[in-house]
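In the order they appear, the protein sequences are chains A and B. The numbering used here puts the first residue of the first sequence at 2, with every later residue one more than the last. The numbering used here puts the first residue of the second sequence at 2, with every later residue one more than the last.
Keep in mind that the hints are not guaranteed to be accurate.
For chains that are exact copies, the list does not tell them apart, and a pair is met inside one copy or across any two.
[Stated by the list, open to error] As a list, the in silico BS3-like pairs of lysine-lysine whose alpha-carbon atoms are at most 30 Å apart:
{"#": "1", "residue 1": "Lys338", "residue 2": "Lys466"}
{"#": "2", "residue 1": "Lys209", "residue 2": "Lys268"}
{"#": "3", "residue 1": "Lys338", "residue 2": "Lys444"}
{"#": "4", "residue 1": "Lys294", "residue 2": "Lys62"}
{"#": "5", "residue 1": "Lys368", "residue 2": "Lys139"}
{"#": "6", "residue 1": "Lys423", "residue 2": "Lys482"}
{"#": "7", "residue 1": "Lys282", "residue 2": "Lys466"}
{"#": "8", "residue 1": "Lys338", "residue 2": "Lys62"}
{"#": "9", "residue 1": "Lys459", "residue 2": "Lys14"}
{"#": "10", "residue 1": "Lys306", "residue 2": "Lys368"}
{"#": "11", "residue 1": "Lys444", "residue 2": "Lys459"}
{"#": "12", "residue 1": "Lys351", "residue 2": "Lys162"}
{"#": "13", "residue 1": "Lys466", "residue 2": "Lys168"}
{"#": "14", "residue 1": "Lys294", "residue 2": "Lys351"}
Calculated directly from the structure, the hints in this document are not laboratory data. All figures in this text were calculated on a predicted structure; none of them were measured in a lab.
Number of protein chains: 2
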Amino acid sequence: MELNVYNTLSRKKEKFEPLNPPFVGMYVCGPTVYGHGHLGHGRAAVNFDIIFRFLKASGYKVRYIRNVTDVGHLENDADSGDDKIAKRARLEQLEPMEVAQNYLNSYRDDMRSLNVLPPSIEPLATGHITEQIGLINKIIDQGFAYESQGSVYFDVEKYSKSGDYGKLSGRIIEDMLSNTRNLDGQGEKRGALDFALWKKASSEHIMKWESPWGEGFPGWHIECSAMSQKYLGERFDIHGGGLDLMFPHHECEIAQSKVGNGQDPAKYWLHNNMVTVNGQKMGKSLGNFIILKDIFSGNHSLLEKGYSPMTVRFFILQAQYRSTIDFSNDALKASNKAYNRIMNGLMALKTLIYSSENVTLSQEAIKIVNDACDGCYDGMNDDFNTAVTISHLFNLLKKINTYQINPQLVGELDEISFNRLKSVYLLFVEEILGLVNENPADKEILINAILELYSDFKLNKQYEKVDQVRAWFKSQKLVIKDMKSGIGWSYEE
Amino acid sequence: MELNVYNTLSRKKEKFEPLNPPFVGMYVCGPTVYGHGHLGHGRAAVNFDIIFRFLKASGYKVRYIRNVTDVGHLENDADSGDDKIAKRARLEQLEPMEVAQNYLNSYRDDMRSLNVLPPSIEPLATGHITEQIGLINKIIDQGFAYESQGSVYFDVEKYSKSGDYGKLSGRIIEDMLSNTRNLDGQGEKRGALDFALWKKASSEHIMKWESPWGEGFPGWHIECSAMSQKYLGERFDIHGGGLDLMFPHHECEIAQSKVGNGQDPAKYWLHNNMVTVNGQKMGKSLGNFIILKDIFSGNHSLLEKGYSPMTVRFFILQAQYRSTIDFSNDALKASNKAYNRIMNGLMALKTLIYSSENVTLSQEAIKIVNDACDGCYDGMNDDFNTAVTISHLFNLLKKINTYQINPQLVGELDEISFNRLKSVYLLFVEEILGLVNENPADKEILINAILELYSDFKLNKQYEKVDQVRAWFKSQKLVIKDMKSGIGWSYEE
Chain A
2 MELNVYNTLS
12 RKKEKFEPLN
22 PPFVGMYVCG
32 PTVYGHGHLG
42 HGRAAVNFDI
52 IFRFLKASGY
62 KVRYIRNVTD
72 VGHLENDADS
82 GDDKIAKRAR
92 LEQLEPMEVA
102 QNYLNSYRDD
112 MRSLNVLPPS
122 IEPLATGHIT
132 EQIGLINKII
142 DQGFAYESQG
152 SVYFDVEKYS
162 KSGDYGKLSG
172 RIIEDMLSNT
182 RNLDGQGEKR
192 GALDFALWKK
202 ASSEHIMKWE
212 SPWGEGFPGW
222 HIECSAMSQK
232 YLGERFDIHG
242 GGLDLMFPHH
252 ECEIAQSKVG
262 NGQDPAKYWL
272 HNNMVTVNGQ
282 KMGKSLGNFI
292 ILKDIFSGNH
302 SLLEKGYSPM
312 TVRFFILQAQ
322 YRSTIDFSND
332 ALKASNKAYN
342 RIMNGLMALK
352 TLIYSSENVT
362 LSQEAIKIVN
372 DACDGCYDGM
382 NDDFNTAVTI
392 SHLFNLLKKI
402 NTYQINPQLV
412 GELDEISFNR
422 LKSVYLLFVE
432 EILGLVNENP
442 ADKEILINAI
452 LELYSDFKLN
462 KQYEKVDQVR
472 AWFKSQKLVI
482 KDMKSGIGWS
492 YEE
Chain B
2 MELNVYNTLS
12 RKKEKFEPLN
22 PPFVGMYVCG
32 PTVYGHGHLG
42 HGRAAVNFDI
52 IFRFLKASGY
62 KVRYIRNVTD
72 VGHLENDADS
82 GDDKIAKRAR
92 LEQLEPMEVA
102 QNYLNSYRDD
112 MRSLNVLPPS
122 IEPLATGHIT
132 EQIGLINKII
142 DQGFAYESQG
152 SVYFDVEKYS
162 KSGDYGKLSG
172 RIIEDMLSNT
182 RNLDGQGEKR
192 GALDFALWKK
202 ASSEHIMKWE
212 SPWGEGFPGW
222 HIECSAMSQK
232 YLGERFDIHG
242 GGLDLMFPHH
252 ECEIAQSKVG
262 NGQDPAKYWL
272 HNNMVTVNGQ
282 KMGKSLGNFI
292 ILKDIFSGNH
302 SLLEKGYSPM
312 TVRFFILQAQ
322 YRSTIDFSND
332 ALKASNKAYN
342 RIMNGLMALK
352 TLIYSSENVT
362 LSQEAIKIVN
372 DACDGCYDGM
382 NDDFNTAVTI
392 SHLFNLLKKI
402 NTYQINPQLV
412 GELDEISFNR
422 LKSVYLLFVE
432 EILGLVNENP
442 ADKEILINAI
452 LELYSDFKLN
462 KQYEKVDQVR
472 AWFKSQKLVI
482 KDMKSGIGWS
492 YEE
């Protein structure tokens, strides 16, 4: 089985061949921590989480870097003319970093809820000022950046002569230039498309550092170039991020690395698509923007109720990462049902035991199971197509449910196929898709205890009690299952 | 009520008067992330967590900085002569930062388990190279540090003429000098007590940065001075850490700040005491060292079983932070019982309702309740004496348990005292001591459902079933309580 990935650089699917197998270096643009993470952040993180998980499950030794942008737009608006505020000194003035830490903690909490694995290294932009200054100096030395009034800009026009500017996004520099108003004589920049590598800090600015060009702070794009090369080397395997970062952010990263290090930073560029609401892009400006915490709690006008983190994770995984996902309550409700079905399958799977007593092999059943197992791998190997993988998991689930109701039927499989069914279902659900049972084990012990009492009530024909327990189960969104194999229960689907 | 804190600088308790009320700046030395956190790390974090919590509950606006030491002792032993390894390039060579991230994630997980609040800002040493270089430059400019073969050392002998070296730890420089072998002519240092502000990196060293003195990495002590002043200003209220950090680490911090900024960094220096095992200091070298994860799982030869995070938290809080704590299975078992009693009190409290129908005021009972409430505050106000506060909580608990069994008795209190009992118990248990119910709410719903069935069995004299449920409860470490007020349950104490 061969892994193919869609490379934005070439606009086609390519065979995945890492630079130094079995090592894979992957860099993904993380959040800017000045607000709580929203569904778009959740999607990007989950999409690259399953790529990280699948590469590891495929035997690669992956170093996954996801950065945190904690400097850029934070400013202090303190009225410096007011003596009382001045006296409170640094304790209040330094608030931006406390705000960043607060939202970073919030983001990490969300990631934990969504069962997103922590990346191998989670570097902060403010933690790599030295490295960013170092790379800026290299770019200046190569003659592709210039200082202007304490700031440093990248000279896009000069770089574009190499023909590389636009290679990722497909934009044509002449078109961009003709669409840009000329700021002749007004700004610090030589060309309208030039972007800042370093910005001079005004005196009110709190987040600033010493540099060869005076006190300032790094530009938007340089952090990712500096941190990716620090932890993965000047050339690495995968660079990922949301589609909205392709231009200008990733285009600028390529420019910085090509000038600074003489080569393209990444072999494969992967971009996840956006979340839409009723077909419209989800965004702050449109007011259709939902933070993850609100989705979990249900506290938002667009939400009919709260949806659990695993429901949201499943909702994200139902689409391949390059498709858009349309948010709706109906879609989330459907995801919740499907997620519960998958979890009920996990519970059922644990009760299934292969017995060599009732073997009546069915070549058709054996083929169904093995095709579905292959299909799980094939889906992921085809550019991480979780939608396809999930459809094959449901084929396995049909078999699991059949065998739970009628355990003798497992005899239609040979033992190897039976064991493969079990191990592939577990591997893909838990390890690769990262879907885990949200209900604590304690709870299931208690449910089993009640079910034991229920069985006795039934046996003793205490139908009032039987009804009482049934009603109670229903209120807890649990289902009692009367099967040939005995009485069991499952989560409502 | 006035807060008094023991200041290591003055060796006595002092009235706590922050520099800029209501703001409080607190800096505490955090972990070095090259191993899993152990009980000593847990103790330090919990001790300063309750100080953070109590200051906030007292109305202060606290900025709490707890750093992460992620550079210092990590080296790469790669055999650079081997071509294959050289080819694997940076991906494997950069492992130290991945290791640091891994243990930092582990530490954060432990802190979450122990219900330690995240600090306001959690700065990394590697994230503040620029700031450390800046402070070193200031110290060189003042003539108290010198460069030697690419490293920079602090001149302790010169500084000691100010009379300040030893002011925190009480050490006398002449004694230290006479105990030190003279390394004349051998080392880079001028004086045997001089400490490194910056170390030249050897070519194998991976964690290194550009500096005015060539490639290197910061010394052990400078990070805390640089980061505390960055986020709290040159002078702030509280500096905390373990007693083992008093010398040389904190003594050196004072020296660096006094020379660099012309003043003592902190007004109050607080030090938590150590954990001992059978009276012996817990430490790696003695082999009596237990990591937090092992305590939770029970996977260690010194442990008879695992102890839950809240049991460990309670164990730590049973002693005042300046006393030693002796680790033993008996002590942890006792902590578990006591913690369960406190939690049962929380559950009981929620069922208590004041009724104006059966009021028969008892001045004695009113006094007991109000004295215990005052005692909770007094304990914390007396240098954060959690041991005293907990003893008063148990006095409140006695009353809560009495009222649960016999609800009519609440009438011995006036309504104000009754409400005070409830709010003080809740405030101190949950907010200030940070003790929370480890059992999920779901579980309690299920237990109540079973208890309902149990009540019916009892009513219908189905004694076999009654015994069955009783046995099952026992197996789950739950206790059925037959009380005047009805049938209830609690966690086994």
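Going through the hints against the structure:
| no. | hint | verdict |
| --- | --- | --- |
| 1 | Lys338 / Lys466 | within (29 Å within a copy, 36 Å between copies) |
| 2 | Lys209 / Lys268 | between (34 Å within a copy, 27 Å between copies) |
| 3 | Lys338 / Lys444 | both (20 Å within a copy, 23 Å between copies) |
| 4 | Lys294 / Lys62 | between (33 Å within a copy, 26 Å between copies) |
| 5 | Lys368 / Lys139 | neither (59 Å within a copy, 75 Å between copies) |
| 6 | Lys423 / Lys482 | within (22 Å within a copy, 44 Å between copies) |
| 7 | Lys282 / Lys466 | neither (52 Å within a copy, 59 Å between copies) |
| 8 | Lys338 / Lys62 | neither (35 Å within a copy, 45 Å between copies) |
| 9 | Lys459 / Lys14 | neither (59 Å within a copy, 69 Å between copies) |
| 10 | Lys306 / Lys368 | neither (41 Å within a copy, 48 Å between copies) |
| 11 | Lys444 / Lys459 | both (23 Å within a copy, 24 Å between copies) |
| 12 | Lys351 / Lys162 | neither (63 Å within a copy, 73 Å between copies) |
| 13 | Lys466 / Lys168 | neither (71 Å within a copy, 75 Å between copies) |
| 14 | Lys294 / Lys351 | between (33 Å within a copy, 28 Å between copies) |
Comparing the model with each earlier hint shows violations of hints 5, 7, 8, 9, 10, 12, 13; every other hint is respected.
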